[in-house]
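*Asks:* The lines below spell out each chain.
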Amino acid sequence: MATQHSRAAARFMISPSVLLLLGWMLIPLGMTIYFSLLRYNLLMPGEHPFVGWENYSYFLSDPAFKIALVNTLLLVGGVLIITVIGGVLLGLLLDQVMWGQGIVRILVIAPFFVMPTVSALVWKNMFMNPVNGLFAYLAKFLGLQPIDFLAQAPLMSIIGIVSWQWLPFATLILLTAMQSLDQEQLEAAEMDGAGPFSRFFYIVVPHLSRAVTVVILIQTIFLLSVFAEILVTTNGGPGNASTNLTYLVYAESLLRFDVGTGSAGGVVAIVLANIVAIFLMRMIGKNLDA
Amino acid sequence: MARKVSTRRKAVNTGIAWTVGLLIFFPILWTVLTSFKTEAQAIADPPIWFNFHWTLENYVTVQERSNYFRHFWNSVVISVGSTLIGLAIAVPAAWAMAFVPGKRTKDLLMWMLSTKMLPPVGVLVPIYLLFQRFGLLDTQVGLIIVLTLINLPIIVWMLYTYFREIPVDILEAARMDGAGLKDEVISVLLPMAVPGMASTVLLNIILAWNEAFWTLNLTAAKAAPLTAFIASYSSPEGLFYAKLSAASTMAIAPILIMGWFSQKQLVRGLTFGAVK
Amino acid sequence: MGRITLDKVTKSFGEVQVIPPLDLTIDDGEFVVFVGPSGCGKSTLLRLIAGLEDITSGQIRIDREDATHVPPAKRGLAMVFQSYALYPHMSVRKNIAFPLKMAKMDAAERDKRVDYAASVLNLTDYLDRRPGQLSGGQRQRVAIGRAIVREPAAFLFDEPLSNLDAALRVNMRLEISELHNTLKTTMVYVTHDQVEAMTMADKIVVLHAGRIEQVGSPLELYHTPRNTFVAGFIGSPKMNLIEGPEAAKHAAHTIGIRPEHLDTSAEAGTWEGRVGVSEHLGSDTFFHVHDTGLAETLTVRASGEVALRHGDRIFLTPQMDKLHRFDAEGLRIA
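Order-wise, the sequence lines are chains A, B and C. If you count the first sequence from 1, position 276 lands on 276 in the numbering used here, and the numbers rise without skipping. If you count the second sequence from 1, position 141 lands on 141 in the numbering used here, and the numbers rise without skipping. If you count the third sequence from 1, position 176 lands on 176 in the numbering used here, and the numbers rise without skipping.
Possibly wrong hints are sitting among the right ones.
If you anchor each label on the Cβ, the simulated ranges turn out as follows [to be verified]:
(1) A:R282 to B:F69: 30 to 40 Å
(2) A:S180 to B:K182: 36 to 46 Å
(3) B:R133 to A:L73: 29 to 39 Å
(4) A:V51 to B:L23: 46 to 56 Å
(5) B:A88 to A:F197: 45 to 55 Å
(6) B:F26 to A:S180: 23 to 33 Å
(7) A:G23 to C:F13: 34 to 44 Å
Below 27 Å or equal to it, Euclidean Cα-Cα: the simulated DSS-like pairs (lysine-lysine) are [what the hints assert, rightly or not]:
(8) C:K94 to B:K182
(9) B:K182 to C:K101
(10) A:K66 to B:K116
(11) C:K104 to B:K182
(12) C:K94 to C:K104
If you want a taste of the chain C side facing chain B, the calculated C-beta under 7 Å gives, among others [to be verified]:
(13) G58
(14) M79
(15) H89
(16) F98
(17) P99
(18) M102
(19) G244
If you're looking for bench data, these hints aren't it; they were derived computationally from the structure. Note that the coordinates shown come from a computational prediction; the quantities given were computed from them, not determined experimentally. Where a beta carbon is used, it is the ideal one built from N, C-alpha and C, also for glycine.
I would like the entire structure built from these sequences, with the hints used as guidance.
*Replies:* This is the structure:
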């Protein structure tokens with residue numbers, strides 16, 4: 001519903017965004033794909049011969065890749081399980097009548113605003129340090145042997161830190177969704193004889209399903225790219241015990257200066273992310289007009 | 001209608017909720033407390049809670065030793081700069097999509113969002129090499145460019161959802177009143193969209209402030225924002241808990257305060273309007 | 001000046017043609033009302049004139065100049081929207097002054113015109129308020145004020161009264177008519193309410209499915225509706241339309257008789273029926289008459305109070321000179 005004038009204006013107004021994003025997407029992507037087919041190491045000057053799929057077969061057959069892939073999935077899956085379950089419980093808790101609800105809410109969402117490097121460092125040193133960390137004191141207080149979390153259970157520790165950062169996000173979104181539930185619907189169900197548990201499972205849960213899906217999908221996108229937390233705490237180690245795909249590609253490209261293999265890894269990461277993205281786009285697309 | 005709940009029930013809820021809330025908040029609280037201790041008190045066994053000698057010396061040391069304010073200023077320039085430039089590019093696009101929607105508007109929005117799904121590590125190598133080639137490594141300009149581009153889809157999307165709530169009648173009235181495109185957008189649309197734009201700006205400053213992939217990989221000492229500055233505490237200064245805490249507190253305080261103000265919009269922005 | 005000519009104008013949205021080729025001339029100073037049921041294309045037609053929509057083919061001329069491709073801002077027309085479309089972030093003064101500011105008029109002249117418009121519209125005391133602090137009627141007046149200050153070639157009104165309550169609507173109707181008498185500027189007014197059309201218009205354009213059914217003065221439409229659609233749409237209560245043998249007696253496919261042109265009697269008359277619901281308005285009484293064998297119900301308007309009750313037998317006699325006859329296509333038989 002518009003005139004040719006306004007449609008022409010619209011095309012003009014939209015083009016800077018489109019061109020910039022198109023450039024941002026296509027130029028580096030094209031370069032990544034191109035580099036991934038070359039033998040190209042920054043430490044070895046000279047020719048960059050075309051080697052076809054060599055980098056891919058090298059990257060994919062590297063035992064580190066398999067570990068990184070498994071770690072990536074464990075990291076994403078672990079954080080999702082913790083944050084979604086925790087988020088539903090916290091959302092329900094914060095939805096109750098209480099004193100100081102606003103303040104509790106502020107306390108709960110605070111970790112989301114802490115930059116990844118800060119939260120990683122604080123957890124690493126002040127909590128998980130086997131000598132001076134608070135957890136070590138707590139263990140000694142309880143008469144237990146302190147644990148060096150980041151050495152003995154590096155991936156689990158990182159899952160814990162990342163979950164702490166993302167729990168507020170899940171809580172906030174699920175709480176918002178709960179508060180948008182029509183109270184009359186619950187009252188009608190109560191009039192129809194539904195107890196608290198039936199009300200929760202037949203009315204609250206279906207109402208939350210969309211928000212839960214959104215939480216899962218959006219977090220997945222971010223969690224696939226977790227980087228700073230690993231860089232600051234374990235550097236991917238010990239060995240490759242806490243290396244995820246993002247960190248592995250970073251290590252190949254900027255630590256070992258192997259542009260070719262790093263790029264091949266980048267392409268693999270893109271393919272993986274796209275599989276997730278397709279689901280996310282469908283989901284959000286459906287909600288666009290709702 | 002809110003229903004009457006017994007005082008006892010309310011007290012129990014309050015007790016549980018505050019306990020959980022304080023537990024989740026505890027690492028931040030502990031960091032802030034530690035930042036006011038001496039290094040010896042910071043690692044005291046057993047831990048000291050409140051009855052320590054409060055001191056600001058750590059803050060002074062952090063500033064003296066590593067020029068905190070330069071990194072703080074880098075963070076401000078990069079996050080505010082990328083957000084404002086992004087806004088200038090996104091407002092026209094959001095106007096077009098909200099008020100002159102076509103058959104492909106929805107696809108276009110989806111496509112813009114899809115650029116956000118591109119894992120940064122997938123384009124790390126070419127961006128790094130391009131930055132090296134054009135002398136953009138470790139510059140504010142370089143980071144502003146990257147952060148503008150990665151947050152542009154979110155800005156467009158958020159503005160779009162806010163603009164859609166403005167009745168098109170009013171813009172048509174402006175057209176009938178003789179307003180050209182510039183006046184329609186600047187004199188009529190933007191003043192009406194101030195609340196939505198404010199939350200868009202706020203959320204994007206937060207996201208840019210905390211961005212920790214590109215800022216870590218594309219900066220060294222000169223243009224490093226707070227994310228990278230803090231990462232440099234990884235070792236060995238990390239073992240000086242009080243100073244680490246002081247640096248951390250200064251890095252998160254401004255954004256924590258902004259975040260608390262924007263918590264409602266946060267949901268909308270981060271879910272692209274799917275949850276309001 | 002404000003003479004608007006539509007020449008073979010059509011409008012399609014995609015495959016759907018909402019306005020088939022249409023010709024219409026609106027003379028300078030005329031008060032023209034587009035009326036028709038919802039979805040008849042009357043608002044679309046107004047937006048085509050305004051330039052808020054492109055026409056698909058044909059030509060629009062304003063004062064002999066081709067305005068087909070002129071953007072709305074440059075057509076010199078003013079529009080009052082159904083939602084008023086006031087700028088919520090501006091005071092009443094700034095709202096009214098906005099078109100003048102866009103025309104780059106200097107501030108002194110602007111203030112003079114705004115003050116004049118405000119005094120005409122009784123808004124002087126509200127000039128510093130925001131639209132959100134005004135009542136519906138006041139907002140309506142601000143919207144009108146915004147339209148009149150720039151002295152447009154013509155005013156376009158898109159159902160401007162439909163958001164007001166009934167009493168206010170009658171007042172505003174009079175005010176707009178008064179305004180037209182004062183300004184003598186062309187006004188094009190869209191409404192679905194035939195009472196508004198009858199009371200305000202110099203010329204009514206009855207639209208149905210994008211087509212003009214009839215153009216004429218209110219009384220022309222009342223006395224000589226060109227077809228059954230216009231006959232049924234104009235006049236309240238609606239004209240009674242009767243088909244079948246009774247119509248055949250008058251050599252027509254359909255005959256129409258307005259409720260006020262049926263004489264009632266308790267004893268004798270042409271048609272006989274039973275009184276259903278009767279509505280007593282004081283000045284008039286409307287009877288809904290059943291079981292006449294002519295149509296489901298016939299509506300009768302009797303002056304004053306008539307002592308007939310539910311279920312009573314009633315006799316009706318049409319005033320033969322007021323009988324309308326239509327052929328099988330629904331067109332008037334002269």
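*Asks:* Compare the structure with each hint and give your call.
*Replies:* Status of each hint after checking the structure:
Evaluation of the 30 to 40 Å hint for R282 (chain A) and F69 (chain B) yields a failure: the beta carbon distance comes to about 46 Å. Between S180 (chain A) and K182 (chain B) the C-beta distance comes to about 38 Å, which sits within the given range of 36 to 46 Å. Separation of R133 (chain B) from L73 (chain A) is about 36 Å and conforms to the stated range, judged on CB atoms against 29 to 39 Å. In this structure the hint that V51 (chain A) and L23 (chain B) lie 46 to 56 Å apart at CB holds, the actual value being about 53 Å.
For the pair A88 (chain B) and F197 (chain A), the beta carbons lie near 53 Å from each other, so the given range of 45 to 55 Å is met. Under the hint 23 to 33 Å, the C-beta atoms of F26 (chain B) and S180 (chain A), about 30 Å apart, fit the expected range. Look at G23 (chain A) against F13 (chain C): about 35 Å separates their beta carbons, and that is inside 34 to 44 Å. Under the criterion of a C-alpha separation no larger than 27 Å, the hint pairing K94 (chain C) with K182 (chain B) is consistent with the structure, at around 18 Å.
With a C-alpha separation of about 14 Å, the suggested pair K182 (chain B) and K101 (chain C) falls inside the 27 Å cut-off, and the hint holds. About 26 Å separates the Cα atoms of K66 (chain A) and K116 (chain B), which keeps this hinted pair within 27 Å; it holds. Taken as a hint, the K104 (chain C) and K182 (chain B) pair is honoured in the structure, with Cα atoms around 14 Å apart against an allowance of 27 Å. For the given pair, K94 (chain C) sits about 14 Å from K104 (chain C) by alpha-carbon distance, which is consistent with the 27 Å threshold.
The beta carbon of G58 (chain C) comes no nearer than 21 Å to any beta carbon in chain B, farther than 7 Å, and the hint placing it at the interface is violated. Annotation: M79 (chain C) was flagged as interfacial toward chain B, and the flag holds, the nearest CB pair being 4 Å apart, inside 7 Å. Checking H89 (chain C) against chain B by beta carbon gives a least distance of about 4 Å; that is within 7 Å, so the hint holds. Of the supplied interface hints, the one on F98 (chain C) holds, with its beta-carbon coming within about 5 Å of a beta-carbon of chain B, less than 7 Å.
Against a cut-off of 7 Å between C-beta atoms, the interface hint on P99 (chain C) holds, since the closest Cβ of chain B lies about 4 Å away. With a cut of 7 Å, the hint placing M102 (chain C) at the interface with chain B holds, because the nearest CB-to-CB distance is about 4 Å. Given the 7 Å rule on beta carbons, the hint for G244 (chain C) is violated: about 48 Å separates it from the nearest Cβ of chain B.
Hint compliance for this structure: hints 1, 13 and 19 are broken, all remaining hints hold.
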